[in-house]
Amino acid sequence: MSHAADVRAHVPIATGRSATGIPTARLAVWWVLASEIVIFGGLIGSYVMLRLHHPHWAEEASHTNTVAGAFNTFVLLTSSLAAVLAHQAAEARNGPRAARFLGLTILGGLVFLMVKSFEWSNEIAHGFTIFRDVFWSYYYVTCGLHGLHVIVGMVIMGIVAADARRGRNLHRVELIGIYWHFVDAVWIFLFPLFYIAK
Amino acid sequence: MSMPAPAHGAAVAHAPESFWSRYVFSTDHKVIGLQYMFTGMAMALIGGFMAYVFRMQLAFPGQSVPLYGLVTAREYNALITNHGSIMIFWVSMPVLIAGLGNFLIPLMIGCDDMVFPRLNRLSYQIFFVSVVIILISLVVPGGGFGGAWTAYPPLSASAHYNHTPWGAPLWLLAVALEFVAFLLGGINFTVTVMNARAPGMTAMRIPIVVWMIVIASLVFMGSVGPLIAGAVMLFLDQTVGTQFFDPKAGGDPLLWQHLFWFFGHPEVYVVLLPATGVVAEVLTVFARKKLFAYKTILGTAIATGIISFFVWAHHQFVAGIDPRMAHLFTITTLLISIPVAEMLFAFIATLYGGSIEFATPMLWALAFIAEFLIGGVTGIFLGANATDIYLHDTYFVVAHFHYTFFPIAIIGTFAAITYWFPKMFGRRMSETLGKIHFWGTVIPFNLIFIPLFLTGVAGQHRRIYSYENFPQLSTPWLNHLAVIATVALIVMLAFQVVFLVNFFWSMRHGEEVGANPWNANTLEWAAPSPPPHGNFVTMPAVYRGPYEYGVPDRDLDYWPQHVPNQEELPRA
Amino acid sequence: MLEWLIPAASTSADEIDWLFAVIFYTVGVWFVVAQGIFFGLIFKFRRRPGVRSLYVAGETKDEKRWISWPHYAVIACDVVLIAGAIAVWRDVKQVIPPPDETIRVIAQQWAWTFVHPGPDRQLDTPDDVVTVNELHVRNGTTYEFELTSQDVVHSFSIPVFRLKQDAVPGRMIKGWFRPTKTGTFDIACAEMCGLGHALMPAALHIESAEEHAAWLGEHTAVAAAAAGSRS
Amino acid sequence: MSSEAVHADRAHPSYVRIYLALLVLLAISLLGPMFGHPIVTLVTAFGIAIVKATMVAAYFMHLNIEERYVWYILFVMLGFVLVMFAGIAPDVMLPAGQNWLHLPITPPAPPVHH
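Chains as they are written, first to last, in this note's numbering: chain L, 4 to 201; chain P, 5 to 576; chain D, 3 to 233; chain R, 963 to 1076.
In short, the hints are calculated from the structure, not lab data. A quick note: this is a predicted structure, and the numbers were derived from the prediction, not measured. Don't take every hint at face value.
[Claimed, not checked] DSBU-like, lysine-lysine: derived pairs with alpha carbons at most 30 Å apart:
hint, chain 1, residue 1, chain 2, residue 2
1, L, Lys201, L, Lys119
2, D, Lys46, D, Lys63
3, D, Lys176, P, Lys252
4, P, Lys299, D, Lys63
5, P, Lys299, D, Lys66
6, D, Lys46, D, Lys66
7, P, Lys439, D, Lys66
8, D, Lys46, P, Lys299
9, P, Lys252, L, Lys201
[Unchecked claim] In silico contact screen, one side only, chain P against chain D (beta carbon under 8 Å); selected entries:
hint, residue
10, Asp256
11, Ile352
12, Tyr394
The beta carbon of each residue, even a glycine, is placed where N, CA and C say it ideally should be.
For reference, chain L alone in the conformation it holds in the complex (with noise of 0.2 Å):
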């Protein structure tokens, strides 16, 4: 191996430590998601203060699709189960297996995010723009922000997917699996939030 592959292939000590018992990664994914909770919680915490608030936004929520937002509950699921059934083939050391489940999960996003888009320019086309009222502006901030982390997430997929197919790195099958069904937590609230609670 010359010098310049050995700089690159490089891996400090400190990373395989393990005085926790909890691999490395895998504890960094926690503390994401932990510092996630607080941002997600300021953001879903204010809104929830003005919906109690403001008694007119019950009108406003009222005309969410409640149809849509439960069909991507459903969908955002399903892809949680593919996710985690694609851990189970990473334990078993299966690549190819876990990148086909991580496949379905993405196919899960893509699916999760075109509903989005048919809800969202419909909602615009009948006057519900983020500029109506501060409760559209939370409904689309919120949805937004979580929808960033759903491509976000399906991005990664694709690299950890990529390399499982090849059976590489398959202790990422199980991190990214976290991160989606942290996603999947976040949506659980949000559906209430924006389309039941009227």
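Position chains P, D and R relative to chain L; hints supplied.
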């Protein structure tokens, strides 16, 4: 010298590297730490220059400031806003947490690098982008943002009110990017300390400064989330015209204030804790004393971190919050004085029975305690809701704030730099120049801010570019106090030249030192000075706590953490 | 002790000054004692040849009392100060005594508008006196104020009253004061409100009952004439 | 890394069964508002959201077999969010309080349907 198996760190240490890959795009934690530190120092010069300009305006209103020119109200607002933002977000944070954390954590816990070196580099790169953006925001059309570092909407939300159509969003973008950089860095620090400790480095053997940086990272992580959400909302208000904080449409300006201070107050402890950690390290080494009540100090730090989440609204006593809530926040605020005071008591008790050497780092550490006490006791006036009605937004707040942040960000940083300089560059700084710089900084510092306590108590409000319109608040003796403060500031800034000369001269020409010039115990002194990529020649193991100084029945008065029990070091 | 630096002209000012003094002397004692011990230790344990440092871990109960006793003392002082702060805050901000008159204060970029109730002591009647950057009050009268803002956050600050309250757009905030001293004093904006933040001074005129009545008479006549010519 | 070994050895629960349970819960949360009772809706909407999220965290994210303190980390963060909410809500959520009130606003008019 025994080499470890060449598959790891040591082999890489000798790989040839270009200037760019070694100093600019390095993944070495020490290089990244120094990048943060140098960036922070450069920003400190910019922030200091801003202070000079607006202090000159306050002392000699309406006169042209040498090296700058006339100060308009718009420029004054932009200067104070960016002075505050830069000194907190681009000086204190990068130097104390990111700089020291990066440089020290792997060395002090005995590993070769951070667990995620490339994430670490990414964090610095994001930070660097935020530096570029904040500097650009100062020169865009309309000037830099001038709505105070707290950026209260609706003023900050609309160019219609603040007249800085570019400055305000760019300022907010820079702050948000800076948060992201430190979130990534904080996750890296936390995971490194949790997982990558050397064998034998149990939780109670970790040096206090490492604990402090980790606690600070966690406090930052827990408090910054809502403000990141708030920053997204405010940014949309500024750029696309949503109305999250516009009361006419049902938004609420107080929401931003709460989100800001929910982060803003813990932020004070985010920078305080690493500075106290530095003080603990320096005190023990130069007093040759075991740290008094290690576990208690750790407990007070954790308690401070937790209570800091319950005190934020004391910044808003007169901001229109419900007066009943103010009682709760007064109670929590005065409660937080208990762990902080106890930590200082433990530091003072550490001196008892010591053999104190007044080297430059020790002078800084002692000055930290003496000056921070003033900041602490004046905080009581502001934490008590009733006196805060009067003192809120006066120069008393400014003086109190600087009596806490100056010891933290400047005195603590100088203690750290003078103490770890031999480790960073393998050479000693000049003691004579160091002492000149110390007295030339600490004495003028007090002469700047003691007058400001008085002008504040006399009723002068902060953020006012000229008091000429207030007959009662621009009496001659108040003006004299303003002049004293300004002259002291100029003297203090002039003395920083001594530091810069000392720093850069010593980097090249200082006396060369070995691995452990201060006879200290912690692991970083077991590595060569300066440590190579990969840090240690042999990866160390740990046999005892970090503060075993003056142990009876030993020849040496120190006992490094990595030396096995049977082995004695040769006499120094 | 605050009166040494700035006059106290309201009942609230006296209470706040009292609390300020209580805190000052309490923390003053702490400060002197702590710095005294600190510098004493530094001097006593400076490095001397041949003297080795002691090995004190500070983990036993016996040693820990050197920090735990001060710790309890801090708690005791905190309790006293909290009680004082709560009592004064309750009087100054929380409980508004039955007012004799109500005035309306409207902040905007960059001016203060004051609506005085006029001779009938009622707001929203034709004899209201509206002034800009000029507030006239009668000595010894309890005033309630209703504070609003038209645009951004301002802060209604009267140093001699030790009064400060942010004016927040979208909400109406009430407070009160009772002047105790005649004279002319400064009113300022204490919250950053944009380019003209330093250009928001207003004058506070505290007048005796006769002076105030005369001023009101002058201005209600003008107001009535203006109203008459308009109708 | 003993926990890694434990991970590899342990039998996976039937994820499909958990998934079906989640779908049943989703159906209940959709049926809840049909009773027309606000408290029932509240329970079926948010109570079930909490149950669903806990199930996803426990079984899909494997928190049930993860070190216990990861739960604590996440719950402490949730606790901070609750502290934030409790501190802010009295000012932002309530229409008025002691000595202050929110000035009324005009809600937007219903949109024009094309």
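How the hints compare with the structure:
1. L:Lys201 x L:Lys119: holds (19 Å)
2. D:Lys46 x D:Lys63: Holds, because 24 Å separates the two Cα atoms, which is no more than 30 Å.
3. D:Lys176 x P:Lys252: Holds, because 20 Å separates the two Cα atoms, which is no more than 30 Å.
4. P:Lys299 x D:Lys63: Distance ~13 Å between Lys299 (chain P) and Lys63 (chain D) Cα, so the pair holds.
5. P:Lys299 x D:Lys66: Measuring from Cα to Cα gives roughly 11 Å; hence the hint holds.
6. D:Lys46 x D:Lys66: holds (21 Å)
7. P:Lys439 x D:Lys66: violated (34 Å)
8. D:Lys46 x P:Lys299: holds (26 Å)
9. P:Lys252 x L:Lys201: Answer holds: Lys252 (chain P) to Lys201 (chain L) is near 23 Å, not above 30 Å.
10. Asp256: Where the cut-off is 8 Å and the nearest Cβ of chain D is about 7 Å from Asp256 (chain P), the hint holds.
11. Ile352: holds (5 Å)
12. Tyr394: holds (4 Å)
The structure is inconsistent with hint 7 alone, although it conforms to all the rest.
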